[in-house]
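This is what each chain is made of:
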Amino acid sequence: MTKIKMNIANLNCFYAKKQVLENISLHINANQILSIIGPSNSGKTTFLRTLNRMSDFDADYWRKGKVFLDEKDIFSMNMEKLRSRVGMLFAMPMPLPLSIFENVAYAPRRLNLLKGKPKKYIDEIVETSLRDASLWDEVKDRLDESAMKMSGGQQQRLCIARILAIDPEVILFDEPCSGLDPISTAKVEETMMALKKRYTIVLVTNNVKQASRVGDVTAFFLMGKLIEIDDTAKLFVAPKQKETNDYITGRFG
Amino acid sequence: MKKLSPKLSQKLAVSLLTVAMIITLIPVSAIIFIIVKNGISAISWEFLFSMPTQGMRAGGIFPAIVGTIAIVSCSIATALPIGVCAAIYLNEYARDNLLTRIIKLAIVNLAGIPSVVYGLFGLGIFVMFLGFGVSIIAGALTLAIMELPVIITTARSALSNVPNSFREASLALGVSRWQTIRHIVLPNALPGILTGAILSIARVAGETAPILFTAAAFYTPNLPHSVFDQVMALPYHLFIISTQIPNMPKNIIFGTALVLLVMVLSMSLIAIIARIIFRKRRKW
Ligand SMILES: Nc1ncnc2c1ncn2[C@@H]1O[C@H](COP(=O)(O)OP(=O)(O)O)[C@@H](O)[C@H]1O
Ligand SMILES: [Mg+2]
Chain X
1 MTKIKMNIAN LNCFYAKKQV LENISLHINA NQILSIIGPS NSGKTTFLRT LNRMSDFDAD
61 YWRKGKVFLD EKDIFSMNME KLRSRVGMLF AMPMPLPLSI FENVAYAPRR LNLLKGKPKK
121 YIDEIVETSL RDASLWDEVK DRLDESAMKM SGGQQQRLCI ARILAIDPEV ILFDEPCSGL
181 DPISTAKVEE TMMALKKRYT IVLVTNNVKQ ASRVGDVTAF FLMGKLIEID DTAKLFVAPK
241 QKETNDYITG RFG
Chain R
1 MKKLSPKLSQ KLAVSLLTVA MIITLIPVSA IIFIIVKNGI SAISWEFLFS MPTQGMRAGG
61 IFPAIVGTIA IVSCSIATAL PIGVCAAIYL NEYARDNLLT RIIKLAIVNL AGIPSVVYGL
121 FGLGIFVMFL GFGVSIIAGA LTLAIMELPV IITTARSALS NVPNSFREAS LALGVSRWQT
181 IRHIVLPNAL PGILTGAILS IARVAGETAP ILFTAAAFYT PNLPHSVFDQ VMALPYHLFI
241 ISTQIPNMPK NIIFGTALVL LVMVLSMSLI AIIARIIFRK RRKW
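Quick mapping for you: the protein sequence lines, in order, are chains X and R.
Those letters in the first sequence? Residues 1 to 253, per this note's numbering, in order.
Those letters in the second sequence? Residues 1 to 284, per this note's numbering, in order.
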């Protein structure tokens, strides 16, 4: 029996008067990858940003419904605490204007995770995080260089390392490979597969093949509605809804 | 009428623009030339670092230089922290509603108030109501109010030039808003903020009207001991020696103007150089 990590119940999201998510209910299993597919403007990003309350910063955003993390209501949690448990990787790589080392060390320092630990501890965190993001070998000799000088694929993996450094429970990926070449994409996918042993992962992707490759469960969003959610193997072989079938076979308008 | 050939009209436009540029450059260079030519003979170690003598017709302008530096540094020490905090509030925290729009409009308008009005305001509030008397602190606070709009406006634009992705990246890691501002936004906005501060100093250092009723003395035999003392100040001193004192040697008047000019221009120069250096070092 797999454990349920997050539970979304009747979630409705709005920007001002416009509803962008309608009555979404689903659950996310622990240590699995949930892929979310769907055409653009289906509300996938809004869904992810709601799960770690980044959308609380968006003007005009409001919502109804509940989201639970380990059975606790995330909307009554401390926002910062929630975000350190539910990390998020954006579509565009977003390194901070700091060195490679300081990018990874940034959050542990700010969140006071180093208190009472020996001085060397931060070096350890940085190294393991970069290793787990399969970036260590490429950057170990230039940790002091600015992260802004790295390639897009490296920056994206650096952002993964930055999240791993605070050891969250859930990681949200929002089209993490949309700007990357196939080789960088393969590396990021490999990293994700390795990470699901320790973390629960939600992957929004515009690449249907990617969802079928890495997802344990796949959900299909269309115009703010959850059309179908099922084990990836089932959804891609025998989708129950016509819209799902049209979308995954590329026959979608 | 025959149409001009493109080549000819291009030439005409370029020469017109060149002429316009020369016309704007002439008065500036003329001012600098005249002041330097007439004033350079007065400049000496003694002129810069000694007290005036013989009813200010001889000796130096040391107390006026000290006074100006004292007033201006006290004013920036007050205005910079307040202005930066206000800019942070407006740019990072305030929601875009009617109240914040009114505040922003008010700040822009504050910059358009004539400086003599600031002077009268300072006289009423700091000199009389708060009882500071005519003093460095009253003058500095008056100038600080004058600097605020410039500092707030430049600091706000420096803050909003920091890409939003930096804030999102930091916030998404569970770092609080204030820590994000403190560790990511502010360091990256600092060059712009400091440039604005230096430019605002350059702007107020040469002002006479705001300190006329609040800080400046005609003549003081001693240097100030505390911020509650009156001081001589360069712009006001220049005004006095060029209008109130008969038989004033011309080179002292122009020498004083030269010192003031160099002080103000070097401030602007520092700001420009700082901006170039920071822009080169910028990491995004
Ligand atoms: N900050 C925002 N303000 C207003 N409308 C928004 C905002 N973000 C997204 N939307 C709208 O919400 C809808 C869903 O967008 P989004 O969640 O980004 O979809 P997806 O990620 O599937 O492309 C779109 O119609 C978009 O225009
Ligand atoms: Mg999106």
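If you are wondering where the hints come from, they were derived from the structure by calculation, not from laboratory data.
It is possible that part of the hints are untrue.
Straight line, CA to CA, 25 Å or less: simulated SDA-like cross-link-like pairs of lysine to any residue [what the hints assert, rightly or not]: (1) X/Lys-209 - X/Asn-41; (2) X/Lys-18 - R/Asp-96; (3) X/Lys-197 - X/Ala-91; (4) X/Lys-81 - X/Lys-149; (5) X/Lys-140 - X/Ala-186; (6) X/Lys-149 - R/Arg-275; (7) X/Lys-187 - X/Lys-119; (8) X/Lys-240 - X/Ile-4; (9) X/Lys-149 - R/Pro-191; (10) X/Lys-209 - X/Asp-246; (11) R/Lys-37 - R/Phe-239; (12) X/Lys-64 - X/Leu-98; (13) X/Lys-115 - R/Arg-177; (14) R/Lys-37 - R/Ile-23; (15) X/Lys-149 - R/His-183; (16) X/Lys-225 - X/Leu-26; (17) X/Lys-17 - R/Leu-99; (18) X/Lys-3 - X/Asn-78; (19) R/Lys-7 - R/Ala-20; (20) X/Lys-81 - R/Phe-239; (21) X/Lys-17 - R/His-183; (22) R/Lys-104 - X/Phe-57; (23) X/Lys-17 - X/Pro-39; (24) X/Lys-149 - R/Arg-182; (25) X/Lys-140 - X/Arg-109; (26) X/Lys-66 - R/Glu-168; (27) X/Lys-81 - R/Asn-97; (28) X/Lys-119 - R/Arg-182; (29) X/Lys-149 - R/Leu-186; (30) X/Lys-225 - X/Lys-81; (31) X/Lys-149 - R/Lys-280; (32) R/Lys-280 - X/Asn-112; (33) X/Lys-149 - R/Lys-104; (34) R/Lys-104 - X/Asp-60; (35) X/Lys-17 - X/Ile-4; (36) X/Lys-72 - R/Ala-20; (37) X/Lys-196 - X/Gly-179; (38) X/Lys-18 - R/Asn-97; (39) R/Lys-280 - R/Ile-181.
Structure-based check of all given hints:
1. For the proposed pair X/Lys-209 and X/Asn-41, the alpha carbon gap of about 20 Å is at most 25 Å, so the pair holds.
2. About 20 Å separates the Cα atoms of X/Lys-18 and R/Asp-96, which keeps this hinted pair within 25 Å; it holds.
3. Using a Cα cut-off of 25 Å, the hinted pair X/Lys-197 and X/Ala-91 holds, with the two alpha carbons roughly 23 Å apart.
4. For a cut-off of 25 Å, the pair hint linking X/Lys-81 to X/Lys-149 is broken: about 31 Å separates their Cα positions.
5. Proximity of X/Lys-140 to X/Ala-186 is assessed by CA-CA distance (about 21 Å); at most 25 Å being required, the pair is judged to hold.
6. Restraint check: the Cα-Cα separation between X/Lys-149 and R/Arg-275 comes to about 22 Å, which is no more than 25 Å; the hinted pair holds.
7. Proximity of X/Lys-187 to X/Lys-119 is assessed by CA-CA distance (about 32 Å); at most 25 Å being required, the pair is judged violated.
8. With a CA separation close to 24 Å, the supplied pair X/Lys-240 and X/Ile-4 stays within the 25 Å bound.
9. With a CA separation close to 21 Å, the supplied pair X/Lys-149 and R/Pro-191 stays within the 25 Å bound.
10. In summary, the hint linking X/Lys-209 to X/Asp-246 is supported, as the alpha carbons are separated by about 14 Å, within the 25 Å threshold.
11. At most 25 Å may separate the alpha-carbon atoms for a hinted pair to count; R/Lys-37 and R/Phe-239 meet this at roughly 20 Å.
12. A C-alpha spacing of about 38 Å is found between X/Lys-64 and X/Leu-98, which places the hinted pair above 25 Å, so the restraint is violated.
13. For the hint linking X/Lys-115 to R/Arg-177, the alpha-carbon distance of about 21 Å falls within 25 Å, and the restraint holds.
14. Taking the CA atoms of R/Lys-37 and R/Ile-23, the gap is about 21 Å. The hint holds against a cut of 25 Å.
15. A threshold of 25 Å between alpha carbons decides the hint, and for X/Lys-149 with R/His-183 the separation of about 21 Å falls inside it, so the pair holds.
16. A hinted pair counts as satisfied when its Cα atoms are at most 25 Å apart, and X/Lys-225 with X/Leu-26 qualifies at roughly 12 Å.
17. Annotation: proposed proximity of X/Lys-17 to R/Leu-99 holds, straight-line Cα distance about 23 Å (limit 25 Å).
18. About 24 Å separates the Cα atoms of X/Lys-3 and X/Asn-78, which keeps this hinted pair within 25 Å; it holds.
19. Between the alpha carbons of R/Lys-7 and R/Ala-20 the distance comes to roughly 20 Å, so the proposed pair stays at or under 25 Å and holds.
20. For the hint linking X/Lys-81 to R/Phe-239, the alpha-carbon distance of about 62 Å lies beyond 25 Å, and the restraint is violated.
21. A hinted pair counts as satisfied when its Cα atoms are at most 25 Å apart, and X/Lys-17 with R/His-183 does not qualify at roughly 36 Å.
22. At most 25 Å may separate the alpha-carbon atoms for a hinted pair to count; R/Lys-104 and X/Phe-57 meet this at roughly 22 Å.
23. Proposed proximity of X/Lys-17 and X/Pro-39 is supported: the alpha carbons are some 22 Å apart, at most 25 Å.
24. For the suggested pair X/Lys-149 and R/Arg-182, the alpha carbons sit about 24 Å apart, so the restraint of at most 25 Å is met.
25. Restraint check: the Cα-Cα separation between X/Lys-140 and X/Arg-109 comes to about 20 Å, which is no more than 25 Å; the hinted pair holds.
26. For a cut-off of 25 Å, the pair hint linking X/Lys-66 to R/Glu-168 stands: about 24 Å separates their Cα positions.
27. The hinted pair formed by X/Lys-81 and R/Asn-97 fails the criterion: a straight-line CA distance of about 29 Å is larger than 25 Å.
28. For the proposed pair X/Lys-119 and R/Arg-182, the alpha carbon gap of about 23 Å is at most 25 Å, so the pair holds.
29. With a C-alpha separation of about 22 Å, the suggested pairing of X/Lys-149 with R/Leu-186 holds against the 25 Å cut-off.
30. Between X/Lys-225 and X/Lys-81, the direct Cα distance comes to roughly 29 Å. Violation of the 25 Å bound is thereby established for this hinted pair.
31. Restraint check for X/Lys-149 and R/Lys-280: satisfied, since their Cα atoms lie roughly 15 Å apart, inside the 25 Å limit.
32. For the hint linking R/Lys-280 to X/Asn-112, the alpha-carbon distance of about 33 Å lies beyond 25 Å, and the restraint is violated.
33. With a C-alpha separation of about 37 Å, the suggested pairing of X/Lys-149 with R/Lys-104 is violated against the 25 Å cut-off.
34. Distance restraint check for R/Lys-104 and X/Asp-60: the Cα-Cα separation of roughly 21 Å lies within the 25 Å cut-off, and the hinted pair is therefore satisfied.
35. A threshold of 25 Å between alpha carbons decides the hint, and for X/Lys-17 with X/Ile-4 the separation of about 33 Å lies outside it, so the pair is violated.
36. Pair hint X/Lys-72 plus R/Ala-20 does not hold up; C-alpha atoms about 70 Å apart against a cutoff of 25 Å.
37. For the given pair, X/Lys-196 sits about 23 Å from X/Gly-179 by alpha-carbon distance, which is consistent with the 25 Å threshold.
38. For the hint linking X/Lys-18 to R/Asn-97, the alpha-carbon distance of about 20 Å falls within 25 Å, and the restraint holds.
39. Restraint check for R/Lys-280 and R/Ile-181: satisfied, since their Cα atoms lie roughly 23 Å apart, inside the 25 Å limit.
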